[in-house]
Amino acid sequence: MRTNTLTHPHHSPGRAVGHAPGPKPHRAVRRQIVPPALHIPESAAASVFRAVRLRGPVGRDVIANVTSLSIATVNRQVIALLEAGLLRERADLAVSGAIGRPRVPVEVNHEPFVTLGIHIGARTTSIVATDLFGRTLDTVETPTPRNPAGPALASLADSARRYLRRWHRRRPLWIGVAIGGTVDSVTGQVDHPRLGWRQAPVGRVLADALGLPVSVASHVDAMAGAELLLGMRRFLPSSPTSLYVYARETVGYALVIGGRVHVPTSGPGTIATLPAHSELLGGTGQLESTVSDEAVVAVARQLRILPFAPANRAGGSAAGIADLLRVARAGNEQARELLAERGRVLGEAVALLRDMLNPDELVVGGQAFTEYPEAMEQVEAAFAARSVLGPRDIRLTAFGNRVQEAGAGTVSLSGLYADPLSAMRRAGALDARLREVVARDESSA
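Residue numbering for the sequence shown is 1 to 445, as defined by UniProt numbering.
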């Protein structure tokens, strides 16, 4: 479900069965900024939770088989996850004649909980409610504030706090932020030149306002993490290396190596200044200034494919690109040529990256690819013509035009997926007895 305003703060899209509301998100807690864990989980509890999430309802013998853990280890982890409220038993699905609780299948207990993902885009911010499966329950969109970081973040935090009130029947566990620019995932600070933010305390402001753990990630890393943890290929063995290329208002890339999104200490690299040449699109000879929505819409207006927009028109280039797509699909040949040319330039850029990095898998995402799939033919043709290596398929993101939401939701779940019991403790969602058990296990690890 998608809504576009924050005008009904007491509406509750979610329902929980037999769940008492947890603490309000305004409770005073120690500030927690936790680096996102964008990788296939490795701990025993995380492996068990992942097996149940992907295959449940499922028996413990099946969990042991798919995780390669001993049945004794599986039993211990299942008991702990049941006590934490993350799993529930399905006695109604037990095999007839089976004796003993280990024969009772378990599944994810998703109704009582919600996580909040926030994608802060150059023009639009999406706030996403996500369940424990990574499914988007609801989304609202609001213009990204154009003022300095302090008041902008205060405004976004207030929007998130009001939105979270809608979910009073579900317990909020975590906040995940996906944003462009350079992200320090340890401190939650962000440098975002397009927004004019420098060392913006994104994590601190949201943690203070919402009273929940907060993880902040580069938006392209987050989208690559969504492909890894939530995408259609999550049942298959991970490719040794995967390259994810994004294009919309900005361009970017991420690498997945050995089941883990590669996050350089100094932040992600940039492909904005890759060489790109197009007489039709113009630009400065650099990729982002040539293929971004803003650049393409500007050319469409110069060519009079689109009228010049009033200065006060809401939506900016987002509205302009929607108009251009509509005109192209109505049969305007100039509009089609413009979008096809953007596809060609993007295909050459993907080829250049592929030739440098030579990943085992190529994935492209962002509305420059997904909103006009008719241009994928030009993307693939330009890629094949430019690359000097052997043939390689290009796969479109599994999330279509919702990839930003999926990325933010993945960041909000990454801590839980990597270490579910510790994440519940950080969120204040464990009772005192189980907190002691988890703390003891962590100290002895």
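Just so you know, these hints were derived from the structure itself, not from any lab. Note that the structure is predicted; figures quoted are calculated from it, not measured. Just so you know, even glycine gets a beta-carbon here, dropped at the ideal spot from N, CA and C. Misleading hints may appear alongside valid ones.
[What the hints assert, rightly or not] Computed Cβ-Cβ distance ranges for the label pairs, DEER-style:
hint	residue 1	residue 2	range
1	391	55	18 to 24 Å
2	360	162	42 to 48 Å
3	133	154	28 to 34 Å
4	319	55	39 to 45 Å
5	66	199	40 to 46 Å
6	83	373	45 to 51 Å
Comparing the hints with the structure gives:
no.	hint	result
1	391 <-> 55: 18 to 24 Å	violated (34 Å)
2	360 <-> 162: 42 to 48 Å	holds (44 Å)
3	133 <-> 154: 28 to 34 Å	holds (32 Å)
4	319 <-> 55: 39 to 45 Å	holds (43 Å)
5	66 <-> 199: 40 to 46 Å	holds (44 Å)
6	83 <-> 373: 45 to 51 Å	holds (47 Å)
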